[in-house]
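Those protein sequence lines, which keep their order, are chains Y and Z. Numbering of the first sequence is given in the numbering used here, commencing with residue 1 and proceeding in unit increments. Numbering of the second sequence is given in the numbering used here, commencing with residue 1 and proceeding in unit increments.
Please note that the accuracy of each hint is not assured.
Sample of chain Z residues lacking proximity to chain Y, with all beta carbon distances greater than 12 angstroms (derived) [stated by the list, open to error]:
| id | residue |
| --- | --- |
| 1 | Asp32 |
| 2 | Ser107 |
| 3 | Gly109 |
| 4 | Gly144 |
| 5 | Glu182 |
| 6 | Ala287 |
| 7 | Glu296 |
| 8 | Thr322 |
Across the chosen pairs, the derived CB separations fall in these ranges [what the hints assert, rightly or not]:
| id | chain 1 | residue 1 | chain 2 | residue 2 | range |
| --- | --- | --- | --- | --- | --- |
| 9 | Y | Lys24 | Z | Gln312 | 31 to 41 angstroms |
| 10 | Y | Ala157 | Z | Glu223 | 52 to 62 angstroms |
| 11 | Z | Gln222 | Y | Ser277 | 26 to 36 angstroms |
| 12 | Z | Phe283 | Y | Ala119 | 17 to 27 angstroms |
| 13 | Y | Ser123 | Z | Arg307 | 30 to 40 angstroms |
| 14 | Z | Phe283 | Y | Ser123 | 17 to 27 angstroms |
| 15 | Y | Arg22 | Z | Gln219 | 54 to 64 angstroms |
| 16 | Z | Ala308 | Y | Gln61 | 39 to 49 angstroms |
| 17 | Y | Leu113 | Z | Gln219 | 31 to 41 angstroms |
| 18 | Z | Phe283 | Y | Pro67 | 33 to 43 angstroms |
Heads up, incomplete: computed chain Z residues facing chain Y, CB under 7 angstroms, no partners named [what the hints assert, rightly or not]:
| id | residue |
| --- | --- |
| 19 | Leu242 |
| 20 | Asp243 |
| 21 | Arg255 |
| 22 | Leu285 |
| 23 | Gly325 |
No lab work stands behind these hints: they were computed from the structure. We put the CB at the ideal spot given by N, CA and C, even for glycine.
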Amino acid sequence: MIEFKLPSLGADMDEGTLLEWRVKPGDSVKRGQVLAVVDTSKAAVDVEVWNDGQVGALRVQPGEKIPVGAVLATLLEPGETAAPSVIAPRLAAVPSTSRHAVSPSARRRALELGIDPEAASGSGVQGSVTRADIETLARARPAPASDHLQAMRQAIAAAMSRSKREIPHYYLSETIPMDAATAWLQRHNAALPITERILPAVLQIKAVALALQRFPELNGFYRDGGFVPAVTVHAGVAISLRGGGLVAPALHDVAAKPLELLMQELADLVKRARAGSLRSSEMSDPSITITNLGEGGAESVFGVIYPPQVALVGFGSMGVRPWVQRGVPRAIPLVTATLAGDHRVSDGHRGALFLAELRDLLQRPDALAHSGPDSSTDTEGSLPWAANAKH
Amino acid sequence: MSGVRMSYRDACREALREALQADARVFLMGEDVGRYGGTYAVSKGLLAEFGPQRVRDTPLSELGFVGAGVGAALGGMRPIVEIMTVNFSLLALDPIVNAAAMLRHMSGGQFSVPLVIRIATGAGRQVAAQHSNSFDAWYAHVPGLRVLAPATVEDARGMLRLALADPDPVVIFEHAQLYNREEELPEALDVDIHRARVRRTGTDMCLVGYGGSLPKALQAAQELQAQGLSCEVVDLRVLRPLDDQTVMASVRKCRRVVVVDEGWRSGSLAAEVVARIAEQAFFDLDAPPARVCCAEVPIPYARHLERAALPQVADIVTTAQTLMGRRT
Numbered sequence: 001m002i003e004f005k006l007p008s009l010g011a012d013m014d015e016g017t018l019l020e021w022r023v024k025p026g027d028s029v030k031r032g033q034v035l036a037v038v039d040t041s042k043a044a045v046d047v048e049v050w051n052d053g054q055v056g057a058l059r060v061q062p063g064e065k066i067p068v069g070a071v072l073a074t075l076l077e078p079g080e081t082a083a084p085s086v087i088a089p090r091l092a093a094v095p096s097t098s099r100h101a102v103s104p105s106a107r108r109r110a111l112e113l114g115i116d117p118e119a120a121s122g123s124g125v126q127g128s129v130t131r132a133d134i135e136t137l138a139r140a141r142p143a144p145a146s147d148h149l150q151a152m153r154q155a156i157a158a159a160m161s162r163s164k165r166e167i168p169h170y171y172l173s174e175t176i177p178m179d180a181a182t183a184w185l186q187r188h189n190a191a192l193p194i195t196e197r198i199l200p201a202v203l204q205i206k207a208v209a210l211a212l213q214r215f216p217e218l219n220g221f222y223r224d225g226g227f228v229p230a231v232t233v234h235a236g237v238a239i240s241l242r243g244g245g246l247v248a249p250a251l252h253d254v255a256a257k258p259l260e261l262l263m264q265e266l267a268d269l270v271k272r273a274r275a276g277s278l279r280s281s282e283m284s285d286p287s288i289t290i291t292n293l294g295e296g297g298a299e300s301v302f303g304v305i306y307p308p309q310v311a312l313v314g315f316g317s318m319g320v321r322p323w324v325q326r327g328v329p330r331a332i333p334l335v336t337a338t339l340a341g342d343h344r345v346s347d348g349h350r351g352a353l354f355l356a357e358l359r360d361l362l363q364r365p366d367a368l369a370h371s372g373p374d375s376s377t378d379t380e381g382s383l384p385w386a387a388n389a390k391h
Numbered sequence: 001m002s003g004v005r006m007s008y009r010d011a012c013r014e015a016l017r018e019a020l021q022a023d024a025r026v027f028l029m030g031e032d033v034g035r036y037g038g039t040y041a042v043s044k045g046l047l048a049e050f051g052p053q054r055v056r057d058t059p060l061s062e063l064g065f066v067g068a069g070v071g072a073a074l075g076g077m078r079p080i081v082e083i084m085t086v087n088f089s090l091l092a093l094d095p096i097v098n099a100a101a102m103l104r105h106m107s108g109g110q111f112s113v114p115l116v117i118r119i120a121t122g123a124g125r126q127v128a129a130q131h132s133n134s135f136d137a138w139y140a141h142v143p144g145l146r147v148l149a150p151a152t153v154e155d156a157r158g159m160l161r162l163a164l165a166d167p168d169p170v171v172i173f174e175h176a177q178l179y180n181r182e183e184e185l186p187e188a189l190d191v192d193i194h195r196a197r198v199r200r201t202g203t204d205m206c207l208v209g210y211g212g213s214l215p216k217a218l219q220a221a222q223e224l225q226a227q228g229l230s231c232e233v234v235d236l237r238v239l240r241p242l243d244d245q246t247v248m249a250s251v252r253k254c255r256r257v258v259v260v261d262e263g264w265r266s267g268s269l270a271a272e273v274v275a276r277i278a279e280q281a282f283f284d285l286d287a288p289p290a291r292v293c294c295a296e297v298p299i300p301y302a303r304h305l306e307r308a309a310l311p312q313v314a315d316i317v318t319t320a321q322t323l324m325g326r327r328t
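Whenever a hint applies, use it, and build me the whole structure from the sequences.
Listed below in structure tokens is the structure:
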């Protein structure tokens with residue numbers, strides 16, 4: 001018997017609301033399959049299972065709020081047979097006892113108002129929910145959209161307060177010439193349709209992942225008073241949502257993936273984050289956060305680390321500014337990369353070396369495009385540019 | 001006749017008198033309608049006024065005189081046949097259903113049967129099972145018939161003329177408990193034989209009734225109003241074809257409905273109305289539709305048992321309160 005539990009989908013999450021089951025008892029499931037959709041305060045997240053098996057009993061009904069770690073369902077391991085006398089009656093009993101009587105009129109009104117009718121308390125015949133109950137509920141709570149926004153604001157507040165309370169941040173910044181990268185992107189993208197063109201952000205994310213391989217103390221988690229390095233780089237990409245707020249779901253295993261694939265995955269991730277359909281692993285896996293202000297953003301960003309991560313890399317907006325190369329001032333595209341590091345785990349010196357590595361990698365875009373995880377050991381470009389320490 | 005207080009009985013008589021005066025083809029026929037003046041005294045005085053050719057006493061054979069009425073209608077007359085009570089109308093089902101209701105269809109439209117059949121119906125007078133039935137729903141089941149249930153003095157006064165103008169057979173049910181009811185008859189009659197009527201407007205609960213059940217529904221609405229429950233009362237009036245539109249409009253507004261019917265619950269007219277509500281207004285309901293019907297027993301003779309078997313105001317009130325859930 002395997003217990004399928006509600007995972008923590010972020011440091012700020014301690015409970016979730018089951019939105020829907022994607023499986024029913026008796027279904028065979030594969031590792032990585034989405035079993036349920038859970039509403040965290042940030043998004044509707046597809047929750048995946050980590051074992052192969054067969055769904056036994058669903059322990060939670062849609063609409064129920066459950067704490068992290070609660071058993072959502074039980075699975076039978078491959079080869080295990082159900083004990084029907086225990087499970088079957090329980091299953092049969094669940095729908096009849098948990099069914100909430102909602103009048104047809106109330107159900108329709110709830111749909112119009114975007115309210116969960118099961119959340120209303122019933123004043124009607126046999127305790128059923130009436131149209132009036134729905135309208136009372138609608139008056140009692142703010143519109144659902146703003147309600148969700150408010151919850152997300154609170155979640156961000158909790159996580160960021162915890163970060164600033166617990167994590168002794170240090171900040172470094174480094175200006176990175178992007179002329180080589182920009183030229184490479186122009187060449188690469190020239191022949192491609194718009195949808196396949198690679199954005200500078202993808203180069204930056206890839207460069208961060210490769211640079212981190214030599215700075216494991218920036219990639220991982222601070223848990224139970226100690227640092228646990230992550231095995232690979234799952235880059236949490238900060239994505240601002242149209243309604244307000246942001247999420248930072250993971251691009252998985254960035255170092256090993258070619259730019260084209262990363263571009264596709266990033267586009268998909270942004271789309272799904274804004275549609276509110278992220279997967280649980282994307283919410284819980286990021287080992288570092290990368291934020292990119294993009295065009296029109298500020299010149300540099302000093303981020304707040306998302307616990308239990310230990311570092312955040314920020315990229316300001318890229319712009320053509322003066323730069324002195326070999327004694328000659330030139331106007332070239334520049335970007336300011338910053339590092340917010342957890343001083344419990346790493347020091348500014350190592351952080352500065354990391355930013356230098358990042359800078360150098362971005363001078364060799366062709367290598368970024370073709371490099372796997374191991375090609376970044378080449379440190380030819382370690383020029384003695386001091387990282388600009390802020391703290 | 002307008003602008004005066006009048007009994008339902010007198011309204012029926014005035015309607016007959018008007019019809020007999022207006023059209024020489026009209027005549028009244030039935031058991032005891034002439035010399036006795038009608039079992040419920042509806043035709044009292046009409047024999048003297050119009051003579052035995054126009055107001056005809058018949059032998060005690062419903063099959064015979066209703067059949068004769070069908071023949072007279074086919075022959076160009078405008079007969080009004082009175083069947084003393086609905087209980088005895090079973091003996092005339094063949095001429096009513098197989099002949100009157102079907103001849104237009106069977107003749108490919110060549111014959112019409114402009115027959116009006118008046119039938120007294122209902123219980124509540126301690127006349128025991130065989131004289132207390134409500135078979136309104138049986139007639140409302142039959143295509144080819146129009147079935148009317150005047151429940152107000154105004155409808156009793158106005159429906160007969162319109163029924164006679166209908167080229168097809170019309171059955172009019174007069175609930176025996178209504179004959180003594182007195183109401184103000186409006187200056188100008190506002191009567192049709194197509195639509196249900198909202199007799200009282202309200203917002204919380206729709207009470208549907210007809211015939212003898214209408215006064216009970218109105219009384220219940222008044223008592224419920226005192227408890228803060230606003231009831232709308234719909235009088236079906238036309239039992240066939242049913243006016244769905246008026247019923248659904250009220251149900252959609254109130255979202256809860258109680259249908260009151262003196263007929264037995266199974267296969268009752270209330271069953272038909274509730275089925276239509278479920279079909280047409282399901283998503284507007286805030287509670288299951290409810291029925292207050294006659295207990296499924298032969299109507300008892302004993303007064304207290306008869307009362308217990310029939311829908312009463314208190315039953316309607318209780319049912320309505322139940323549908324409101326915690327509110328009341």
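Hints, verified against the model:
1. Every C-beta of chain Y lies more than 12 angstroms from that of Asp32(Z), the closest at about 49 angstroms, which supports listing it as non-interface.
2. Even its closest Cβ contact with chain Y, about 46 angstroms, leaves Ser107(Z) beyond 12 angstroms, as expected for a residue assigned away from the interface.
3. Distance check on Gly109(Z): its Cβ is at least 43 angstroms (rounded) from any Cβ of chain Y, clearing the 12 angstroms threshold; non-interface status holds.
4. With 12 angstroms as the threshold on Cβ separation, the claim that Gly144(Z) sits away from chain Y holds: the shortest Cβ distance comes to roughly 35 angstroms.
5. Glu182(Z), annotated as away from the interface, keeps every beta carbon of chain Y farther than 12 angstroms; the closest lies near 38 angstroms.
6. Against chain Y, the non-interface label of Ala287(Z) is violated: not every CB pair exceeds 12 angstroms, the least being about 5 angstroms.
7. With a cut of 12 angstroms on Cβ distances, Glu296(Z) stays outside the contact zone with chain Y, its closest approach being about 23 angstroms.
8. Remark: the non-interface label on Thr322(Z) conflicts with the geometry, its nearest Cβ contact in chain Y lying 6 angstroms away (cut-off 12 angstroms).
9. A hinted range of 31 to 41 angstroms is violated for the C-beta pair Lys24(Y) and Gln312(Z), which are about 50 angstroms apart.
10. At about 56 angstroms, the beta-carbon gap between Ala157(Y) and Glu223(Z) stays in the expected band of 52 to 62 angstroms.
11. In this structure the supplied range 26 to 36 angstroms is violated for Gln222(Z) paired with Ser277(Y), their Cβ-Cβ distance being about 56 angstroms.
12. Separation of Phe283(Z) from Ala119(Y) is about 20 angstroms and conforms to the stated range, judged on CB atoms against 17 to 27 angstroms.
13. Taking 30 to 40 angstroms as the suggested C-beta distance range, the pair Ser123(Y) and Arg307(Z) conforms, at roughly 33 angstroms.
14. With their beta carbons about 19 angstroms apart, Phe283(Z) and Ser123(Y) fall inside the hinted range of 17 to 27 angstroms.
15. Here the CB-CB span from Arg22(Y) to Gln219(Z) is close to 56 angstroms, well matched to the stated 54 to 64 angstroms.
16. Between Ala308(Z) and Gln61(Y) the CB atoms are about 44 angstroms apart, so this pair conforms to the stated range of 39 to 49 angstroms.
17. Checking the proposed 31 to 41 angstroms range against Leu113(Y) and Gln219(Z) shows it holds: the Cβ atoms sit about 38 angstroms from each other.
18. Between Phe283(Z) and Pro67(Y) the Cβ separation comes to about 36 angstroms, which falls inside the hinted range of 33 to 43 angstroms.
19. Hint status for Leu242(Z) relative to chain Y: violated, with the closest Cβ pair at about 22 angstroms, above 7 angstroms.
20. About 22 angstroms separates the beta-carbon of Asp243(Z) from the nearest beta-carbon of chain Y, more than 7 angstroms, and the hint is not met.
21. Checking Arg255(Z) against chain Y by beta carbon gives a least distance of about 5 angstroms; that is within 7 angstroms, so the hint holds.
22. Taken as an interface hint, Leu285(Z) checks out: its beta carbon lies about 5 angstroms from the nearest beta carbon of chain Y, inside 7 angstroms.
23. With 7 angstroms as the threshold, the beta carbon of Gly325(Z) comes within range of chain Y, its nearest partner Cβ sitting at about 4 angstroms, so the hint holds.
Hints 6, 8, 9, 11, 19, 20, counting from the list given before, are not met by this structure.
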